[in-house]
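Visitor: Keeping the supplied structure of chain X fixed, place chain E upon it in accordance with the hints.
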Amino acid sequence: MPESETGVLRLHGHDFVAGAAEYAADLKLPGMLFAVVVRSPHPSAIIRSIDLERARQSAGVVAAVTGLDLAKTVGPIPLRYAPSRLPAPITVRCLAVDRVLYTGQAVAAVVAETRAEAEAAARLVLIDYELLPAVTNAEAALADGAPLLYPEWGTNVMARDHIRVGDVESAFSEADVVVKGELAFSPATSAPIEPRAYLADWDTKRQRLTLHGSFQMPHPTRWCVAQALKLRESQVRVIAPNVGGTFGLKMAGHPEEVLVAGLSQLIGRPVAFHETREECFLANGREQRHQFEIAARVDGTVLAFRDTMVADVGAAGPGTGWIMALVTAAAMPTVYNVSNCEINCTIVATNKTSWQGIRGYGKEVANLVMERALDLLAAEIGVDPVEIRRRNLLQPDQLPRRLPSGLVIDSGDYPAALDQLLTFFGYDEWRARQGREAAEGRRIGIGLTFELTPEGASFPGSLPSGYETSTVRVEPSGEVQVATSVTSPGNGNETGIAQLVAGTLGLSPDSIVVIQGDTDVTPFGLGNASSRGLMFGGAAAALAARDIRSKMAQCAADILGAVPDDIHFETGLLWSTKAPDRRLTFAEVALTIYTLPFSTARNVELPLQSTHTYMPQNVRHVPDEHGRTTSYPSFPYSVHAVALEVEETGKIRLLDYALVHDCGVIVNGRLVEGQVKGAVVMGIGAALWEQLVWANGAVATQRFKNYLLPRAPDLPVLRIGHRVTPSPFHPLGMKGAGESGFGGAMACVTSAIADALGKNGRHLTHIPSTPERVLALMTGDAA
Amino acid sequence: MIGHDIQFHAPDTLDDALSLLAAASNAAVIGGGTMLVPDMTLARVQPDAVIDIRRLGLSGVAVQGASVVIGAATSYRELSAAVQTTPGLALLGLMASQITGGPQIRNQATIGGAACYANPSSDGPACLTVLDARFQLASTSGVREVPAQEFFVGAFRTARRKDELLVRIIIPRLPDGTRVGYDKLKICESSWPIVTASCLLIPQSARDTVCARIAIGAASPAPVVLADAALEVSAVDPVSLGQSAASLIGEEWADELAGPGYRRQVAPIIARRAIQMAMQGAIRT
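Chains X and E, in that order, give the protein sequences.
For the first sequence, counting from 1, position 238 maps to 1005 in my numbering; every step adds exactly one.
For the second sequence, counting from 1, position 125 maps to 265 in my numbering; every step adds exactly one.
Next up, chain X with everything else stripped away, as it sits in the complex (with noise of 0.2 Å):
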């Protein structure tokens, strides 16, 4: 097992704080033309014309198209997941042709030399709509005769799921108790700082597209683009230069992905497009109904769990964001011991702009949806709210654990990490605190929540589904360079892996290169997604080291004259432990290895390269006897808690967070921190203040003044705390932390407004908890 360090800095991290890291923004080629979408105003409209003459006229335009012009080149894009999801196939196009589904909706292209002027030209496109009746909410999508968004569907339902185990009707009518509540969650976004961002460069003379471009998947981009773009793969080399944050967001699917692609085709020039921040924030996520029931006996035993669920998910894309959804069913009831559930999942197409991913991935809604039935009926039962979670968690023996949905939880140890939160946090402090505040007329609320987080999603039919690669590879001169799969969404994993080889191979971290995101140098896989960075890459990449480090040490047991086993890579050096006191450099021993192969490395494969794949244990697609599959291998979770007041305006003032943190074997401490910190406070933001606003259809909230975001005075110092519960099922027992903290933060502030409001608590139904939402729970007019 690689030593693994905890404190290692961020490798490059001065180039990013000193602005010296190139953005794909700031990619410059000799030639290059700007590309600005023109989009629909309207939610759902048949397109009678689209006039380009005065846009083409305006100053410094290059070309300008529709749907129809680009067709000729350009096929639809593919879809990232298996068409067969769907009630009928459809057909997307990076322009759309005749018909648009949502207000947003890409419909002309125009290009310049500048980017003004592309801009100003876009304003003089004169595109006649016949205007259609549109559903803008899941309702008016689910009535009868609602207009159709895919005729072909008959029906605006996408996709459904309905997952049962044990006996649920038995379990409620047995029950003592049986407690009814309802959610319901505005849609949201990720907002990363960097907008997205592409730079296609077509070269006429070798046929070859290389498309620069911010994408947390590289290769899935290529396939799509090539397919799209009726050209073989190895005609598309994608680049990621740096990427200033995804959450999701930047997950292949996006049609101007295919577009720039085929602009810079058509035109035989450099294209980009840089997303404008208004566009960005089209994408959107979340929004849906829940309700739920739960049953239990009066000593607050659960016995059932029943949610029915609608997820409004905007015109179905070719992005895999509406898969969310089925995500958010497949982890109930999380962490607690249920043996009948029933969880009815209806997703639902409307005439928005497509969900695209964002952090959590749904299971921030089912940890919030199960934290909040647990906490209605402690109220209803009079059970302390912690009290009804230790008597339902799930017991570290009991795990593996098949949920409902057929995944399996791995490790954990829920009830430990419990106590040791409760102490950290001065739980009982903090009641007697709240006790005494209110006799002073002031309400503070306290939460505690659990969060479970199913990570490594390797969904069946996805391309790909479930792998990452790396290659390790020793260079003459002794530098080592590690190229895989994975990206890195600006969250320094490439630190990770670095550490990961450098411990195998006794070298330093920022002695070790590590290159991702090029299709011509990387291997196939996904690129960024559920936390795979480590978890997936960086387990390939240790293996491959695994490998490296055994052909060095023959070679060097060679030169000795010792035994492979006894040799030592430590600091830059190989030694025997028979010889400490002959120490020769890892350089040395590469070159002897690439020089002298037929003396001193009789037994060694060269070259001093290796490629590993790390394919997760624990997934399985072939269906279960209940007809399941399970596509989470792991399971990192953590606990929280949150004291917070409830002003008399209904504004929220945090203060004190504390959770204590699981994510198995852990590489590089500051990493884990950083990104659980990033998640509490996303949490935080999706709780209290973070919600789109839809007016028929189109986006009224795109900028941050009126789409907040949690700023540091809002928060206040978040205290973490770590437990490691290997998972028994990765070499390294790595678990993965890419989204643990958000449902859990979102639960807990939810759940410590609701205590802070008391009876009127029981009525809390939206999230986020905004002070006109709390304000009307305080003053009794949201019963």
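A hint or two may mislead.
[Said to hold, decoys possible] Just some of the chain E residues that point at chain X, by a computed CB distance under 10 Å:
no.	residue
1	Ile-142
2	Pro-178
3	Glu-392
4	Asp-395
5	Met-419
6	Gln-420
7	Gly-421
8	Ile-423
[What the hints assert, rightly or not] Coverage of chain E stretches by chain X, computed from C-beta distances (three or more under 8 Å per stretch; other residues unrestricted):
no.	stretch
9	330-343
10	406-414
It should be emphasised that the hints constitute simulated quantities derived from the structure, not laboratory data.
These figures come from a predicted structure and were not determined experimentally.
A virtual CB, placed ideally from N, CA and C, is assigned to each residue, including glycine.
Guide: The following block gives chain E in isolation, referenced to the frame of chain X:
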């Protein structure tokens, strides 16, 4: 990125600026530009000409007789700094130091720009209203002064004509010992103001009597002000006074951050807090 062509002027004299304004059909005046530049970038406004007033000597604060005169181009930072040396600025200094956006915004944005922009969801207009400010507007036809309650006409609308430039804001000096309070409600740190309240407790000639002035901002298209109730100090009841002030809200302002009903409901609370702060007397003009 600003997507349309503009003529940029930075005149050296007030007369030049006024001539430009008179001649232009679609001009914008730029002070700090913290609202104008984003508006132009988002193509919400598309002026043909932009007139920069930085060379006109319109920043600075001075006492002139019974008034405090504030140049229209005075930044929030300058206002805060002037509190130490210029009487009568305590309320404006308090407000200025709480402007969202940190030093970047406070160094650049101007009190005159805020007044002319008349954004309901902002701090400036209600403060200037409670201070009984007069707005000195100049044009090629002359100079006129407009009192605050006539200046702030509605949401993003003032009495300023297109050809007029706001030159100065004139505030009558308040008696020594006037107590000041200011409170505002935001959803969270990045939010704009949802409701603001400014309170002055002005000593009267009769002992233990004050005149209370309370202005509520951001709850309606233009600020509302409760004025000139001469009260015994002991009779100042923050709760009922706050409710009285809030009851003056006619048409309520609503937006994506808070819908109809909310501002009206919380305005009495914010007004009460401003009054309580003034009663504590920690800040006096």
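Visitor: Does E:Gln-420 pass the interface check with chain X, least Cβ-Cβ distance below 10 Å?
Guide: Check failed: Cβ of E:Gln-420 comes no nearer than 18 Å to chain X, outside 10 Å.
Visitor: Under 10 Å, Cβ to Cβ, is where E:Gly-421 needs to be relative to chain X, so tell me if that hint holds or is violated.
Guide: Since chain X brings no Cβ nearer than about 23 Å to E:Gly-421, farther than 10 Å, the hint is violated.
Visitor: Three or more residues of the stretch 406-414 of chain E near chain X by CB distance under 8 Å?
Guide: Holds, because 3 residues of the stretch 406-414 of chain E bring their Cβ atoms closer than 8 Å to Cβ atoms of chain X.
Visitor: Answer holds if the nearest beta-carbon of chain X is closer than 10 Å to that of E:Ile-142; otherwise answer violated.
Guide: OK, holds: E:Ile-142 within 10 Å of chain X, min 8 Å.
Visitor: Per the CB criterion, is E:Pro-178 less than 10 Å away from chain X?
Guide: Holds: closest Cβ of chain X sits about 8 Å from E:Pro-178, inside 10 Å.
Visitor: Does the CB of E:Glu-392 sit less than 10 Å away from some CB of chain X?
Guide: violated, 13 Å
Visitor: Go through the hint on E:Met-419 and say holds or violated, using the shortest Cβ distance to chain X against 10 Å.
Guide: violated, 18 Å
Visitor: Answer holds if the nearest beta-carbon of chain X is closer than 10 Å to that of E:Ile-423; otherwise answer violated.
Guide: Where the cut-off is 10 Å and the nearest Cβ of chain X is about 22 Å from E:Ile-423, the hint is violated.
Visitor: Using Cβ atoms only, decide whether E:Asp-395 comes closer than 10 Å to chain X, and label the hint accordingly.
Guide: holds, 7 Å
Visitor: Given as covered by chain X, does the stretch 330-343 of chain E meet the bar of three residues or more with CB within less than 8 Å?
Guide: holds (count 4)
Violated hints, listed in ascending order, are 3, 5, 6, 7, 8; each of the other numbered hints is respected by the structure.
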